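S.K.: Quick note, the sequences are listed as chains H and G, same order.
Residue numbering for the first sequence follows the working numbering, beginning at 514 and increasing consecutively.
Residue numbering for the second sequence follows the working numbering, beginning at 514 and increasing consecutively.
In this list, chains with the same sequence are indistinguishable; a pair is considered to hold if it fits within one copy or across any two.
Derived DMTMM-like pairs (lysine to aspartate or glutamate); straight-line CA-CA distance at most 20 Å: (1) Lys655 - Asp603; (2) Lys600 - Glu642; (3) Lys553 - Asp603; (4) Lys553 - Asp653.
Bear in mind the hints are in silico, worked out from the structure with no lab data behind them.
These numbers were taken from a predicted model, which means no experiment stands behind them.
Protein chains: 2
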Amino acid sequence: MENILFDYLAKYISLNADEKKAIIDLDIFKQYKKGTLLLKEGQFSDNGYFVIKGCIRCFYMIDGIEKTTAFYTEAESLEPLCKINKKPSDYYLSCVEDSILIVANSEMEQIIFRKFPKFETLCRVLSEELLAQTITNFDDFKMATPEQRYIHLCRTRPDLLQRVPQYQIASFLGMTAQSLSRLRNRLVDKSGNKM
Amino acid sequence: MENILFDYLAKYISLNADEKKAIIDLDIFKQYKKGTLLLKEGQFSDNGYFVIKGCIRCFYMIDGIEKTTAFYTEAESLEPLCKINKKPSDYYLSCVEDSILIVANSEMEQIIFRKFPKFETLCRVLSEELLAQTITNFDDFKMATPEQRYIHLCRTRPDLLQRVPQYQIASFLGMTAQSLSRLRNRLVDKSGNKM
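Just chain H, same shape as in the assembly:
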């Protein structure tokens, strides 16, 4: 289980045995059943997440309807806004599947940063990368038609289409389930294959 984390981190820094042990000693690996709500609207939370296995969905409840805005799968991390701004959360986080997650709060981060300053460098680099990538995803979303967004999703995250109910995919793409269904049928007509 730890190896997924350490393989991921090895792309950025090399860790010696002491440093690996310090991470493992924090007892940060947690298992959750499918459907578990990690965070609810209105709650405060100081937890950040890194997905070892499974899938976290982020959604808002708007007039009684779920609006899905993100899915986090293997080797993706998530710092909820409520952790950063210390205000109650505007959204929910739930496990779409049985999941193994790393869960770390600010206190744990401080312990590690004090002991091993290079972890702070790592977190800075990761945040900068994620920020640049998120801005690019946002740009792509703005400039694309719903059809382009769906085709892009099929190419870049094909696993999601198998793992997540279609109404959540539709919401994630900013369209209704009916629109997505019609779009998929149009693409079948064009290509002869179901996408």
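Following the hints, complete the assembly by docking chain G onto the known chain H.
M.R.: Just chain G now, with coordinates in the frame of chain H:
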């Protein structure tokens, strides 16, 4: 000029005279004329920006048409994706107005981080804040109608409407200039006041 930067940083860390001098000595304050292209599609760049005064616009050229995706104004920072992933840029950055910017490359950052490690903490905190805020803006964009996006912009960044041509605002909101014009007229009809 330096005071805008130091006032901004004072929200996060206190700097002594030595630390302030180290920043000033880097010679990072630059002036640019309105219309200057800071970055072009296809270019490599290692520069990050912080706006002291003025406005940077980010846009893509898609089939010969400009698609504006972001505006950066006073006390906002920007690390282009090409700086992070070392690939040619997909987009342009231009100065919408005469601007005073802080321009810093990776080498300058490393000099400061080595000399004053707390700047690395600062950059980590700022990146995490910006990341959480960008994700929230992205969520809001996905869930809002074009009318809601425009009203939200009027409330949160009213200065932009005065500073930037309407066709760029329309593109930024993900609509055509004609749609924005119709939308504004509809809002006038409703409220009796031009928004």
